[in-house]
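We have chain P; now place chain H onto it with these hints.
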Amino acid sequence: NAGVTQTPKFQVLKTGQSMTLQCAQDMNHEYMSWYRQDPGMGLRLIHYSVGAGITDQGEVPNGYNVSRSTTEDFPLRLLSAAPSQTSVYFCASSYSVTLNTEAFFGQGTRLTVV
Amino acid sequence: ELKVEQNPLFLSMQEGKNYTIYCNYSTTSDRLYWYRQDPGKSLESLFVLLSNGAVKQEGRLMASLDTKARLSTLHITAAVHDLSATYFCAVDLGTSYGKLTFGQGTILTVHP
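Those protein sequence lines, which keep their order, are chains P and H.
Sequential numbering of the first sequence, starting at 1, is according to my numbering.
Sequential numbering of the second sequence, starting at 1, is according to my numbering.
In isolation and in its complexed conformation, chain P is listed as follows:
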């Protein structure tokens, strides 16, 4: 059982470049989300989705786009990378909270913008 799979694991971008971080889950979870982790700040929510075709902004959405065309996939797009976007990015998925389950996290993507 793969769980939540993120690719790539590591990436270096030049300022102004664009790229897509991939996230896929095979647990048929309705909810998927993207977080960024910076030292001393915990994880902060970028965007989330409650189902295919439905997305919404989190705490730090600027500079990122998402879409959810299928239940399984939730890619995160950086439109024009900036050094401030250097971070570790985690994708997470979960069932409806009413089923009392926690969020499951992918292995993370370590992104450096130079």
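Bear in mind the hints are in silico, worked out from the structure with no lab data behind them.
Virtual Cβ for every residue (Gly too), placed ideally from N, Cα, C.
Errors might be hidden in some of the hints.
Stretch-level coverage of chain P by chain H, calculated; a stretch enters the list once three of its residues show a Cβ under 8 Å from a Cβ in chain H [stated by the list, open to error]:
hint, region
1, 39-48
2, 102-111
Rough simulated footprint, nothing fancy, chain P against chain H, three-plus residues with beta-carbon under 8 Å [claimed, not checked]:
hint, region
3, 36-43
4, 99-111
To list a few chain H residues with every Cβ distance to chain P over 10 Å, as calculated [what the hints assert, rightly or not]:
hint, residue
5, Lys17
6, Arg60
7, Ala90
Then chain H, alone, in the frame of chain P:
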């Protein structure tokens, strides 16, 4: 705006000692989660606390939730080196599914 604060942020313990990590949050919620993260790794779910007075235990770790005080604790009993990691609490408002607000994390180091 929901705020979640953990303390301490850094904890150095001797093996065999007990200690408690505190997680305070600013808005009423009855859904709180504890995660563990090893260096360079993903987050691993430890506990799911879904009601006032909930208490869960796994090995040397025990978590509790007091929704009236907006406080959760993670108690470590007789610490061992393998517990060295970063521990996060996270709160879900419940009305916005999947939207977790995390504390800053507590870096725990257990020394022989």
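Status of H:Lys17, Cβ more than 10 Å from any chain P Cβ: holds (25 Å)
Outcome, coverage hint (the region 99-111 of chain H, chain P; C-beta under 8 Å; three residues): holds (count 7)
Verdict on chain P covering the region 36-43 of chain H, criterion of 3 CB contacts below 8 Å: With 3 residues in contact (Cβ-Cβ under 8 Å with chain P), the coverage given for the region 36-43 of chain H holds.
Within 8 Å of chain H (C-beta), three or more residues of the region 102-111 of chain P: holds (count 7)
Coverage criterion applied to the region 39-48 of chain P (partner chain H; beta-carbon cut 8 Å; 3 residues): holds (count 7)
Consistency of the no-contact label for H:Ala90, given chain P and a CB cut of 10 Å: violated (8 Å)
Distal placement of H:Arg60 relative to chain P, Cβ over 10 Å: It holds; H:Arg60 is separated from chain P by about 20 Å at its closest Cβ, greater than 10 Å.
Violated hint for the displayed structure: number 7, the only one.
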